[in-house]
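There are 4 protein chains.
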Amino acid sequence: MIRVGILGATGTVGQRFLQLLERHPDFVVSAVAASDRSEEKPYVEACQWRLPGDFPESVRALRVRPCEPPLECDVVFSSLPSGVARDVEGRFAAAGYPVITNSSSFRMDADVPLVIPEVNPEHLALIDLQRQRTKGAGGGGYIVTNPNCSAVMVALALAPLHRRFGVTSVVVTTMQALSGAGYPGVPSLDATDNVIPYIAEEEEKIERETKKLLGGYADGAVQPAALSVSAQCHRVNVTDGHLGAFRVKLERRATLAELRDAWTTFRGLPQQLELPSAPVHPIVVRDEPDRPQPRLDRDAGNGMSVSVGRVAPDTVLDWRFVALSHNTIRGAAGAAILNAELLLAQGRLLRPPRAVERAPARG
Amino acid sequence: MIRVGILGATGTVGQRFLQLLERHPDFVVSAVAASDRSEEKPYVEACQWRLPGDFPESVRALRVRPCEPPLECDVVFSSLPSGVARDVEGRFAAAGYPVITNSSSFRMDADVPLVIPEVNPEHLALIDLQRQRTKGAGGGGYIVTNPNCSAVMVALALAPLHRRFGVTSVVVTTMQALSGAGYPGVPSLDATDNVIPYIAEEEEKIERETKKLLGGYADGAVQPAALSVSAQCHRVNVTDGHLGAFRVKLERRATLAELRDAWTTFRGLPQQLELPSAPVHPIVVRDEPDRPQPRLDRDAGNGMSVSVGRVAPDTVLDWRFVALSHNTIRGAAGAAILNAELLLAQGRLLRPPRAVERAPARG
Amino acid sequence: MIRVGILGATGTVGQRFLQLLERHPDFVVSAVAASDRSEEKPYVEACQWRLPGDFPESVRALRVRPCEPPLECDVVFSSLPSGVARDVEGRFAAAGYPVITNSSSFRMDADVPLVIPEVNPEHLALIDLQRQRTKGAGGGGYIVTNPNCSAVMVALALAPLHRRFGVTSVVVTTMQALSGAGYPGVPSLDATDNVIPYIAEEEEKIERETKKLLGGYADGAVQPAALSVSAQCHRVNVTDGHLGAFRVKLERRATLAELRDAWTTFRGLPQQLELPSAPVHPIVVRDEPDRPQPRLDRDAGNGMSVSVGRVAPDTVLDWRFVALSHNTIRGAAGAAILNAELLLAQGRLLRPPRAVERAPARG
Amino acid sequence: MIRVGILGATGTVGQRFLQLLERHPDFVVSAVAASDRSEEKPYVEACQWRLPGDFPESVRALRVRPCEPPLECDVVFSSLPSGVARDVEGRFAAAGYPVITNSSSFRMDADVPLVIPEVNPEHLALIDLQRQRTKGAGGGGYIVTNPNCSAVMVALALAPLHRRFGVTSVVVTTMQALSGAGYPGVPSLDATDNVIPYIAEEEEKIERETKKLLGGYADGAVQPAALSVSAQCHRVNVTDGHLGAFRVKLERRATLAELRDAWTTFRGLPQQLELPSAPVHPIVVRDEPDRPQPRLDRDAGNGMSVSVGRVAPDTVLDWRFVALSHNTIRGAAGAAILNAELLLAQGRLLRPPRAVERAPARG
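Chains as they are written, first to last, in our numbering: chain U, 1 to 363; chain R, 1001 to 1363; chain P, 2001 to 2363; chain B, 3001 to 3363.
Bear in mind the hints are in silico, worked out from the structure with no lab data behind them. For clarity, every value in this text was computed on a predicted model and none was experimentally measured. Don't take each hint at face value.
[Said to hold, decoys possible] Examples of chain U residues lying across from chain R (beta carbon under 8 Å, computed):
| no. | residue |
| --- | --- |
| 1 | V44 |
| 2 | Q48 |
| 3 | L51 |
| 4 | S82 |
| 5 | V84 |
| 6 | V171 |
| 7 | D193 |
| 8 | N194 |
| 9 | E207 |
| 10 | P224 |
| 11 | S228 |
| 12 | H234 |
| 13 | P289 |
Note that beta-carbon positions come from the ideal geometry of N, C-alpha and C, so glycine has one too.
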């Protein structure tokens, strides 16, 4: 088993990591770290568990460590707040740890892969460049990022269309869940009987990450996809599940049947390799007139499938549809875990030698 | 005082009519009619009052009448369900009553005005054509409609831009309130912790009504505006207040300051005539990054102003913004009342002679 | 496998039955019946699936049957609305079917067991009396009921205290979930930003069912428990999970530690027999100051455990606490299934002979 | 006009003060103070306005002052958090200001009146004792408190019964609104689809404040009422309006008609003196089976009336009923303002001399 350390273990996404890893076939949580006054407490005391369901037994007694290397593990999963992530994650990578992070700090760095395994696994080749650079600095670890919780839905919904028909423009309007803001996050007086038409930096993240995710890899660099992305983001009174209303313009003509086919037949490396967290159907197309809905569809594919519905011709662009995905599973912890599963399958995550190599760094 | 009869008086919009007319300077409710088993009961018994605030005293004792002429009033306000509206309203018009209706049945008829007083008051000239036609049939009443609750927000938000810069395309994604579906309306299990990406016929209504509202009037006919409208509609967990996320393409270049100016200086006939329900500012522009919000802004201008915010350049069309309006006030009962106030100011609503004229119809 | 027929299969509780039976070790759904215009349609078309998660594959193609015998099954589970339940269920029992029902119609009948397997399994002896009566009428089937969704929580929370200390009075104030009203159920305009201090007949049901459940069985009759029950019921804006705030007066003095012990050590026949749906801990005691909470704790024990918290001395009665249980699992479908599992373990549910016996009834 | 200074002016209750005083006949806000980094900013910039409706024009430009004397005003209204209230309010009283406070710090002090003007106005006589004590200390100002937001509902609902029939025990279970926790207050992830069975110190406050409020005044001291109070408190997903489910035991027998009469005829000094904020009916009795409801009834009497409903005999105590009141109006800002109006009517608030007296303190 690969030993995993969780950075930001007491937060909302940190808790999802622990929940999803509770019975994982390849990963076991061996260390929890948090940046606050909870250090050295047993995790069960340091963490106010906010997820439905029971506290994960296997980590109750783990002592909370500070967020700095060394950490008793082979790989680090991070959900640190962006304020501290860049510095802390950088230090872990420099100390030789693979860092699989949900934080936004490194996503747009030229030699850092921003990856959805079904969409752009070839970007992982950036790891080699990254290691060359950091190895010189004494490290040899690396950083792999997954996208923003809405960008992952946008890129997954678009990828099958982009491959087959070419997407030239996308206009997406999101209705995002409360858990996306963490805990305590959105005050209830703002959420109840209300919609907030603003999420800090979210529109920008969707616009730029989508282009990197759908971009091509060549000569050691990612070339952003040549499409225009317009995002308007809203916080709605939903616990989990981000919904997006889309209009897209395509390069090539398509019929409704061809769109459906592009989505329903879409498979990627995770499905081929049968990775443990890979959903059988990355995209589920719903034909009912009123689906997908967050409460009913967010758990499709154990929270790893994107549900698409209401596909119809559009009067301004070419097509319209809505898409939904679980923002803390496919949009955060599950995304990072799937990245790690792919790295493991590709031999980019190793166990025994690293434990030894890392020893001197502890000195 | 003009005596008003309310058709559909026990429904959600019917109750808003009564609430808004409770202390109106020109209109007094003299008759309430409903299509159900509540006939002949006192209104206070027939109606389960669903609005915050007290039951309107002045109508407690009115007996509920059937929805057919004659009715003890000078003008009829209607919020009948579309299934019965066309037939019933048609009979009232034929019997000589001005019918000011919130129902959708007649909105797209060629000689029926679909009017927002600040936007296209000149369309009221259609009344003359209509009366010519129906007078021959023995009547002489007429029908005036107000738009769908979302279309009124779309058309009001666009009107100042359309006049000054020409709107060629609009992409609007709505997040609509529960009260828009009436009572009992949306089941709570569908509303709680959820978004429903579907409202029956709503997208079509917004797309076609917006063009008629922004259209020109010439030679006895309305020429629909030549703009493309794309609407995607969602029901969110909000009691009152429809929010729309907009992208627009303009014919002429504009700056952010010019857009703001177009909205904030926008005034119409209701403001000029100082009609009782006219808001001082038909459009309120909010500069905070997170406004407008339904709970905080729906009551702007006593529910008659549209609030606009988050104005910014768009990456696919030209501009983006969000707009909000109160769906049962500006979007329904208040819209009809403002139409009636304008008709009264224009001398198209008369009191004493009609009472006499109508007498024979009662026989 | 015992073949199960579901009466009221398209409703909220009917859907829970199907979901919970999807992978049951002893029961398989062989027939679905509904009282509406859905007859003869495949279930997947007749039913608008309202539960999170996927449609149960195994019943997709079953044709919906009318709610009358004969039905292709060995036992009938019912969640019919009370208006029709008495008549329909009576006819199934008369035709020789064991009827395990969640409906309220027969609950207070003298020879019908009202049972929570952990609390009063001995009441099942009433079945023999019942069969004697109905066998004379040609039948030989029987009816077993489970309690109202709140009464089950009240009786389960009280049972350990009643056994050990004697409960003389209980004052319970409930905050009940929306799903308890079925679908469409509570209108969203009543649920959002609101509490409704009324649920039809609920207070009466809790008051009388609790006494029967905690009552003793002797000489072929249930003697209601001699305690006073006061219930006030409220509908709150929660999807699933009924919460109750309790004060109790006890016959014998108890300490907080003794109360805790009574609850945490409480076990019943289902735990002894290791019935498939039996939770390991029928009562879970939470020590955090702010638990149990519906969203976090309703799924304890797969929705079959009652969570108790905030135990403290009371200033008017003796003790106060709050309790929570899942209203459509432990409070409805799960309750009926656990009853059936106990009946099966006790040899009161048989398979093969009945299939033959029933044949003539079809003629 | 009496000039009012608001302590804690940027908080939720502070904003209510400003909203309610916006057009008050006797009070005008002349100073706003806040304990944070907002000092010296114009109020419009320091305060993120969270109430529906427009920002109060009259205070936009006021500079935010520190929370310490002197302050440019004749009386101080306070809604400071309890952590700082005792110290700050004490210093204002010592400096000669009447302090009308919604904070809990001084409520249970022996010589500080805890007052609901309709219930126990005679307790204001404590002011004289207080001034004797503090005058010696150089001051001469005084402190008057209003109750906790739930205690005010409990005491108002009980007062008419206590006067006429004697209340010996009350068991109240509250379902309290989110605004009671201030802003940001309750995280939305705790509020949505949930109930929290805990509000810090709330049960204790209700239990002890109710006894002081219903207590008698004699010989310069308040004698707590001899009744037992049991409170269980819950936070529910409602913006405004605290609901309580009550059972009461009475000393003297009463009929339902007598209870109704006690409530509907209940009047106090504020009604006699026609104070500006006094509701015509302090208690409104609703006879519908499903009222009062927070969303529909919280604004009764402009938020100053308590609504009572569901009155019925109880099976454990004598009677049960539910009551509702607006927690930030009658339960906070409105309570303090009504106290101030009574003090003004009684000549305990004076304007001109104090302005002079205080001048030297400014040096």
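Evaluated hints:
no.	hint	result
1	V44	violated (28 Å)
2	Q48	violated (21 Å)
3	L51	violated (15 Å)
4	S82	violated (18 Å)
5	V84	violated (24 Å)
6	V171	holds (5 Å)
7	D193	holds (5 Å)
8	N194	holds (4 Å)
9	E207	holds (6 Å)
10	P224	violated (13 Å)
11	S228	holds (5 Å)
12	H234	holds (7 Å)
13	P289	holds (5 Å)
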